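Novice: Chain A is fixed; fit chains B, C and D onto it per the hints.
Chains as they are written, first to last, in the working numbering: chain A, 5 to 350; chain B, 5 to 350; chain C, 5 to 350; chain D, 5 to 350.
It is possible that part of the hints are untrue.
Note that identical chains are pooled: a pair holds if it fits in a single copy or bridges any two copies.
Said to hold, decoys possible - Here are the computed lysine-lysine pairs in the DSS-like style, where the Cα-Cα straight-line distance is at most 25 Å: (1) 254 <-> 229; (2) 108 <-> 307; (3) 192 <-> 44; (4) 44 <-> 284.
Treat the hints as calculated values from the structure; they're not laboratory data.
Computed from a predicted structure; not experimentally measured.
4 protein chains.
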Amino acid sequence: MIKVGIVGATGYTGAELVRLLLRHPEVEIRCVTARSEVGKEIAELFPNLRGQTDLRFSELESGELEKCDAVFFATPHGVCMQKAKDLLDKGVKIIDLSADFRIKNLQDFQNWYGIEHSAPELLAEAVYGLPETHREEIKKARLIANPGCYPTAVQLGMLPALQNAIVETFPLIADVKSGISGAGRGAKVANLFAETGESFKAYAASGHRHQVEIEQELSNFAREKITLNFVPHLLPIIRGIEATLYMVLKNKEISDAEIFSLYEDRYRNEEFVIVLPLGKTAETRSVRGSNFVHISLHRSPDKRTLIVSAVEDNLVKGAAGQAIQNLNLIFGLPENMGLMQLALLP
Amino acid sequence: MIKVGIVGATGYTGAELVRLLLRHPEVEIRCVTARSEVGKEIAELFPNLRGQTDLRFSELESGELEKCDAVFFATPHGVCMQKAKDLLDKGVKIIDLSADFRIKNLQDFQNWYGIEHSAPELLAEAVYGLPETHREEIKKARLIANPGCYPTAVQLGMLPALQNAIVETFPLIADVKSGISGAGRGAKVANLFAETGESFKAYAASGHRHQVEIEQELSNFAREKITLNFVPHLLPIIRGIEATLYMVLKNKEISDAEIFSLYEDRYRNEEFVIVLPLGKTAETRSVRGSNFVHISLHRSPDKRTLIVSAVEDNLVKGAAGQAIQNLNLIFGLPENMGLMQLALLP
Amino acid sequence: MIKVGIVGATGYTGAELVRLLLRHPEVEIRCVTARSEVGKEIAELFPNLRGQTDLRFSELESGELEKCDAVFFATPHGVCMQKAKDLLDKGVKIIDLSADFRIKNLQDFQNWYGIEHSAPELLAEAVYGLPETHREEIKKARLIANPGCYPTAVQLGMLPALQNAIVETFPLIADVKSGISGAGRGAKVANLFAETGESFKAYAASGHRHQVEIEQELSNFAREKITLNFVPHLLPIIRGIEATLYMVLKNKEISDAEIFSLYEDRYRNEEFVIVLPLGKTAETRSVRGSNFVHISLHRSPDKRTLIVSAVEDNLVKGAAGQAIQNLNLIFGLPENMGLMQLALLP
Amino acid sequence: MIKVGIVGATGYTGAELVRLLLRHPEVEIRCVTARSEVGKEIAELFPNLRGQTDLRFSELESGELEKCDAVFFATPHGVCMQKAKDLLDKGVKIIDLSADFRIKNLQDFQNWYGIEHSAPELLAEAVYGLPETHREEIKKARLIANPGCYPTAVQLGMLPALQNAIVETFPLIADVKSGISGAGRGAKVANLFAETGESFKAYAASGHRHQVEIEQELSNFAREKITLNFVPHLLPIIRGIEATLYMVLKNKEISDAEIFSLYEDRYRNEEFVIVLPLGKTAETRSVRGSNFVHISLHRSPDKRTLIVSAVEDNLVKGAAGQAIQNLNLIFGLPENMGLMQLALLP
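If we strip away everything but chain A, and leave its shape as in the complex, we get (with noise of 0.2 Å):
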């Protein structure tokens, strides 16, 4: 069995890295950590897991993250950068939920997220930890950079495109939409269920921290600097990311059944990016609660402008789901393990 830790288990993330750990063959889950409530049982604030284990929050200084094999940082930016080090000097794995180590420029890191980074000779180091674009780096790595929600549905519905080179790298326009649960768990006016049901909107509509990592990577994938329109909406729902992304074809002579074999052809081989049949469209429910991303492929009628919808949970895909399967290529088990359940539909 694989010992893990979890940081930060108090949010969204953490707690549905515990609740897909506990069904997990493979894993057992040893500390769960939260200042503010360490002693409290794990099943007081979630109470889907009531019966389901006896986990208390622990102390981020308990000396029991040393003894895990693998930590995962589901906290705020700024703490994983400064346990990481020692972490790894101890030999533990780290998988980083948050965005201390996604952007490799140490400017943008800092111009984004307003504050210095304090392990910046980790940074090289660290792998993105997005399977379906950097596995082989992913089974030898030692920190991962787990990437973002927002960037997860947006890379995986352009790359095709982008690397087949079928699109113009401008303009190119995300237009997202997010489940509330992405706003995490803190307590705040905007995000009551009075204040956000039954309505819709834009936020960050002039920038969003998650366009400099896509950026970064869309870039690796072109071969060339992109600068990406990227605008997140809050939608009225829990889980769920829904990406429409307007891309302008170099060749409006393609026909909708090459660029459908463009993704096929790259996504025959990934087991949780499904690219649904011509004539569908993505839901975000297919996908609740499970680590699938959905793919549809669509045509303005002026046939110039290629659409994808891309959708995923935003907890799963977007986060925990994709960081166990990051745990699960590092330390060589099936890819897929703890991961297969099927969305809640309806």
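Specialist: For chains B, C and D alone, coordinates are given in the frame of chain A:
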């Protein structure tokens, strides 16, 4: 008192007309027709009206419509075109909330709506009922083609940018999201709560009927043939449309304040169009149940793209409210009469 | 014009007062106070008011309240009791939407609300502001204790049965469900969308403060000491209360029609209380955004139990609407002035 | 591997059986039947299954069912009774999720369900499939009448109180609320999102079919004829049932701890029934997507009434999960096999 009839009052648009007109100080609803419900009290279908009216559904052919000063058609397309000539001949004004008279190009209409037009001779006379762009013609009209819900939001959001020619005309992207009432009151599996709740998806991503209507009007604003990229999505809310509009700026040096001024100037005298201060973001709930449109302005981080978010209540400004605005204009009443309800919030 | 002030306009009840009073033909809002937001435009917090008012939040102590004809307190309990005497002395009428003056028994108040009452000498004078049961006193009152949201629905649903003594007084069961706006606009994890959406639960099942208020009033109707079984639940909707009331009939031979007549007779002259025809069931949406209460009557299959369902909008008839109904009564205006909005449906 | 068939897999209960059985380690789904969809891939209707199975809908009469070890009927009532004898004769076990074999009294069945029973000779043999009360019979059964969704929650919530005779048997009140998936996947206006969202109502308040089923079983527990007051309500959520149960205590001196012990003792060995610690309240989300039932215990302030809140996922413990629990028992598998998913939270 202006005597009006409502054809097709079993749908949501018809019900909304009744809700608003029952409280309009200068209007008396004389009849509501609905083939399937003849003789039934309207409060049976719409219990919010219980105790507030004795209206019962009558037959289309009852002869009552001819006695009205104005008739609203809240019917599927294909109905109004059959009745229009007779009513007009009897001096009845018509406000058609269906698509029958929106598209000036007969061929376009027939391509997108799949039926032959039975009153093509009225197409030239029909006035497109968006008061913000056709007010003077509306005042003199006998036959109004009330705009579609999506077209209202998209046009009002793009109008100042296109009229002032600050943006390129390709690509123009409208990523729009609508509450489920827009899909009507028909008994369809796809619109069940259990199919649409806690979910989100695009639909008609490769072509939606409202596209041709928007392109027709935008082409007028821009004084050139416009092709739009228009993708509607289904929101798990009852009322509300949000349109996120992406337009590439011709000159990225234009300041946000300059753009704001263009929008402000254009809508200064439009009571129902509110341009939010820079830094604010439009939300559908801010206009729920009201005839207002809110517009917020944003820029991509690279300054090259103007991003506009426009919101409306699809049943009010997107349908029934706008129809009453047209009625007020035709009959010389204050344009806002009966339409000043504030949005329910929360 | 009646000049009014609103204390505590940052909450949902205060916002609803503003929404309704801005359209009241005989009222002018002179000031809205809110400690935490002094100087800020009210439209900043409530964007549905954007462009509709220039009101800004002022301080409680600004001296403006004293110049009003009437002041509404939409504050937590404990505030109004401190300001009441001064304002009354200056001739200002007070409509208190908090609990400060609802409970006539000082000990009960202190037990359930956990604070000492600072103005017990005003308790006897304060009139319980349910117009359907205290109309004549309200007309003459200086100080109104506006009823709680739950108490309004429960009392109106039980009143005719208890007054006519057709039911036993034990057990009396009120299983009530409220939309989340009833929990207020405070930043609490428990009221986040992600915590309350797609879920349902009871709360305060072993004792809720509204119980003592309901028991006090029901005891008056029944002319004996009533003990109620009252369990509130949290609905994943924004607005709306439904109360399902179970009362054992003294005589199971009484017909449904007889019971219906008792309810009809009691409410015949009550514009805002609609008794639905037998066979119909009350729905919260039928009264959303309106001041109406709908009541439907049912029987258990064994005929021994009367089941009543009463619905209201908790922010309108359950709070702000009722407060305005009281204002109208005090100032001799038509009782329904400014309150005839029809519910949004759908 | 146990080979199973599912009759009526186009509904939500059938789809949930497929979702759960595709991941059951000892079951192979051999066929799914649906008259209206013959030949179509099941993933067309339930896109969460895309890429996870090649199952296509076949005809009821295809001869495949007879080759199964067990067949689930997820059909409207009236179907299973027609096929049961033939299948049983061929050695196939039947788990019927419809009402056909739940009611032992033929007259009661015919009164409430409005059809004549075509296989009354099987009624005596059929075992009521609530494992917590009929486990030993289930293990030996050929024909299981899987309980209704409401009856499961109400029985488990009332059982310890009635078996231990600590409560009066009149009145017994069950105020129950169900998510909309309980209304099925039929195309009905009443179940549209726009009709049920942001709303709440009772339905069938004067008599619901599940009442007779609950009374039959409760009478067994209590060893006397029980009459129940049972009012279902429609919640604007997809999955989840909450039952608030009111029972008058015979002796108000009984302590909360004593009552808790009775519940704890009764369910100590029931893996799927969790009695929450005193002070906690059951929430439907805590069991969403899982086979667990959570029960919380409360007291009215006057101590005279025991209030129990019981929650379940209506499609899992209330239908498909319980059916699989029965399958496991019949075939000697661990009772929890394939059923240990934790609820999605948030």
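Novice: Next step is simple, just say for each hint if it's right about the structure.
Specialist: Each hint, compared with the structure:
no.	hint	result
1	254 <-> 229	both (17 Å within a copy, 21 Å between copies)
2	108 <-> 307	between (37 Å within a copy, 24 Å between copies)
3	192 <-> 44	both (23 Å within a copy, 19 Å between copies)
4	44 <-> 284	between (46 Å within a copy, 15 Å between copies)
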